[in-house]
Amino acid sequence: MDRTNDSSLSPRIRDLIARQPDGHAMLREFYSDEEVYQVDCQRIWRMGWIFAGHSCEIPKAGDYFTLEVDSDSIILTRDGNGQTRALYNVCRHRGSLICDHSEGHVKKLVCPYHRWTYDLDGRLLHAPGMQEELEKSRLSLRPVHVREAEGLIFVSLASEPPDFEAAHDVLATLAKPQGLAKAKVAKMVDYLVRANWKLVWENNRECYHCNANHPQYIKANFDHYNADDTTPRVREQISAAVSRSEAKWAASGLAVSHKQTGMTTFPDAERNIWYSANRTALVDGFSSESMDGAQVAPLMGDYPDSDVGTLRMRTLPNFWNHSSCDHAVSTRLLPQGPHLTAVRVWWLVEQGAVEGRDYDLAKLMPFWQLTSEQDWEICERQQRGVNSHAYVPGPYSIYKEYNVDAFVRWYLTQLQAEKP
Amino acid sequence: MDRTNDSSLSPRIRDLIARQPDGHAMLREFYSDEEVYQVDCQRIWRMGWIFAGHSCEIPKAGDYFTLEVDSDSIILTRDGNGQTRALYNVCRHRGSLICDHSEGHVKKLVCPYHRWTYDLDGRLLHAPGMQEELEKSRLSLRPVHVREAEGLIFVSLASEPPDFEAAHDVLATLAKPQGLAKAKVAKMVDYLVRANWKLVWENNRECYHCNANHPQYIKANFDHYNADDTTPRVREQISAAVSRSEAKWAASGLAVSHKQTGMTTFPDAERNIWYSANRTALVDGFSSESMDGAQVAPLMGDYPDSDVGTLRMRTLPNFWNHSSCDHAVSTRLLPQGPHLTAVRVWWLVEQGAVEGRDYDLAKLMPFWQLTSEQDWEICERQQRGVNSHAYVPGPYSIYKEYNVDAFVRWYLTQLQAEKP
Amino acid sequence: MDRTNDSSLSPRIRDLIARQPDGHAMLREFYSDEEVYQVDCQRIWRMGWIFAGHSCEIPKAGDYFTLEVDSDSIILTRDGNGQTRALYNVCRHRGSLICDHSEGHVKKLVCPYHRWTYDLDGRLLHAPGMQEELEKSRLSLRPVHVREAEGLIFVSLASEPPDFEAAHDVLATLAKPQGLAKAKVAKMVDYLVRANWKLVWENNRECYHCNANHPQYIKANFDHYNADDTTPRVREQISAAVSRSEAKWAASGLAVSHKQTGMTTFPDAERNIWYSANRTALVDGFSSESMDGAQVAPLMGDYPDSDVGTLRMRTLPNFWNHSSCDHAVSTRLLPQGPHLTAVRVWWLVEQGAVEGRDYDLAKLMPFWQLTSEQDWEICERQQRGVNSHAYVPGPYSIYKEYNVDAFVRWYLTQLQAEKP
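Chains as they are written, first to last, in numbering that gives the first Met the number 0: chain A, 0 to 419; chain B, 0 to 419; chain C, 0 to 419.
One should not assume that every hint holds.
The list cannot tell twin chains apart, which means a pair is met if one copy fits it or any two copies do.
Straight-line C-alpha distance at most 30 Å; calculated DSSO-like pairs for lysine-lysine [claimed, not checked]:
hint	residue 1	residue 2
1	Lys258	Lys247
2	Lys362	Lys175
3	Lys175	Lys186
To be clear, the hints were calculated from the coordinates, so they are not data collected in a lab.
Work out the full structure: start from the sequences and follow the hints.
Encoded structure:
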């Protein structure tokens, strides 16, 4: 592929892109260089759709949370008409942050510096002390594009964001029965992972490392078996699980859409498909991604019983979610520098569930808390190795790292995409 | 104005200066960029006069304190003739710091590395172990220009500093009755504010933010009332305060020099007036800038009684002082990077005053400690917002931010001034 | 000397080299600049031989320790044939660190990410899950050149390292009787010194600072006396010590090779001699470099009794060692940035010695622990001064800083050496 198309990239970046070997891990600079990081911010993080959080985090007008994308702070709030809004958290007067806390509730958005007051939709209502000729209508908080899909909120910092409809259709169709829009956050944990965001993403896109690192995860799932090591017995197990589910779910529309071992293929770099969702069978005996497979919270959404496998969603560059019958776990990445990624993990349950009565965090959390923290440790170790001058990108396994390879292709395509 | 004069500025900086909109907050880069910070160090901090500290901090020969301007450490000391000296804190041999502590007392300035010994005026006295032909007279500690005005010490790192006489006249005339040269430091507090020094300065140059942020300050002062919101009642109050003072002070020469509400205008960018001082009336019932307005220490200087309003002084780029009849509060800024400012606040009282007997820190400090810390929080929040790509400089209030606007003009003029 | 030869250095670096005054401390940028630091990494740290550690730290096959040179991590291990190996600690698959701990024991080198498994000599043995056509033989861990001299391990990151034989001969000949290859590590202390590695090195190359800073050290040694201040009495003392030793050691081959006061001259910049060793008499009454001069551990190596003076070795850019009859102290520098140096100090004793019975850390350590920590403080203070714009390189003492001057010449020569 001709990788040196975009003349607005610096010669150094174009040279890096040209030197990236096919089917191999990325060159050192892609994971550690300041200029590459700035290009990532411009061409990935400020161009596409970013997962922000959940509608259920801001149920009422004036509820808000903030989102920090590199050095850009964004307010996610609900306006008086019940509409979700995304606004830059930067006063139009002298640039102060407006919301200083990471979440809260306000009636209006009032800048704490000089009390410029904005409506929840961003319109400047009052600017006391300013000259009469101030054109308030030109001083609204700068809006950020925002879209929702069944309780998942996405934003785009681009002036003209890419299409969201196809993503919405895929995500909403599969997510609907999960009831995320009627969920509540049972727990949220924030991590600072000392690794480039792409290392964190790549780690999530293969289960080649699962046997060695995720003793809990592999008990529940078929992802770590691939074409090269799926035994007849495993093949039988997954077939049985799939057939059983299909028979049972025929009426309720919960089709298993990923019927093999291994991870579903994603992304589609050639067609720029940056979103996907699928329903997958769990190992026999697992009703939920919990330590022992038992249900750990009340059924969510429209599920008739616990036998629904797992719903999985992921969107580039920063979101994945595994949802069982009884709880959903969302993970969000945000870049904070070439070697630093802020990660948030949410555990969601049905909105009426009461802690202590209906669920217990000590049972709800460990499966994904352990799995996540195992991954952060892997990523930090990889970053330290990749920083070395001795690092040479190695070949990807065609059996197990097809999704990492697809990500690299997607990423390089994004860097070179024509900008509007 | 043609802002692209100075050919020794990089094209990037000249472009920034050219793009700065009139009457608006400064562009993002002025507050966050490393190259701008380096230009600030060269053209502001190493060119003009910087407030260093107070004569009363080094009363005896050999007393010293150090001043850290970016990465330059400077010793302020008093020599054997009682003269205040400023010397770079860098040994002429291999560059070691000579004074490792931020204050102290020495007989000679002895480098701890190899015992090169300098007199308090900087002359190299001994360099044991060096060859006989060493030209000691060429190896004095490098001097820094130093001037005093009624107990306030200023230094200039420039080889040919700008004129100081006019500044001296203004400051000394107004400061004389305050008796700062016969004061003592009751307390000193150091802060590291995570904001560009210009944000900290600008914050001090308007009281537009006072109503929302400084409940203590606004009780004592008229600064937060401006042409747009001074009610007839407030106008009457200040007139009464001014007239009363004028009548009373006629004999003692304590003229109120700022007779309106709002802050006195400063700086004068066009004539490069970087210093100013004025005496201002306090709100009725306030004898001192204290929490309840009551006097909190013995009268200072030549004051006949407590009814003297406040003396206020400020010099660019790094000093302001509010002095009441009984105490004086100095604030000094020092740059430590594009996003970091070291701030020191001093509380001074009459030199014979004894803590516990004549004053109590719990009464002396809160008014300005609270006000200062409120301001640092504002500045840090503004820095975080200004870092955003979404930040767009907004318009200044012509009623309330005239001094911030004047500062921006002064600053841009300094950047482009012809260098000697 | 024409210092502007090497066209692959940037004009800025070549200009710095050209401006460096002879016989003076180095220019500010050499100690504080990021680009200079990168050049140092390329032309010093990734070109010559670096001291890594001691053979006795990895006595058995599979024992390992890691070495961090700037951002390159290296594994030092012993293979199944008893041979010392140095391998980059970077998996050939996706670049993860393989050994996450700074020391340990393994059977194979197994990457924790995907279990790629390497033999102790670096050969890739297993890469489970990879395609069959994987060329394992091309995916060995990248080797680092490694050489040993009587228990001291050196590595070179260069593709074609400079000659080691001459260094080996000098070090091995003098070190042999010390028995470092049959030693054990009694204690190891790690420091992070906030100073450029060259400041730390230079500090070690003169004893001009000893009188003022090292009260313990100067009791035991003659280094701090030089041509300018060696009194007849001191001259007599060292002559007596040398003669006594020579008479006594005639049979055992422990020749005193440095017979004057002052430090032995090193390096030889003109002939690029980056290694040296010598045996030196101690002050009468000192059997060991301990606080009171008394022996603090059993005799090491082949020493017949305690009267052996001290063996001293040093190799550029990062190693020095002082060995007494009963213990040896090694110091290793590793660069971590323009203003940061990681320093490790080891105390070694005879391998059969038992703590509590044969030696006591409270007696073994203080002499060099105090001396070392005094030096780190000096270096950090010098770095702070050298950072100043007011710093001007001063003249070296021809009596006392001849080795620092020689180091500067060696360093500048290395920067400009033709690269293979």
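Problem set entry | In rising order, the numbers of the hints this structure does not comply with | none
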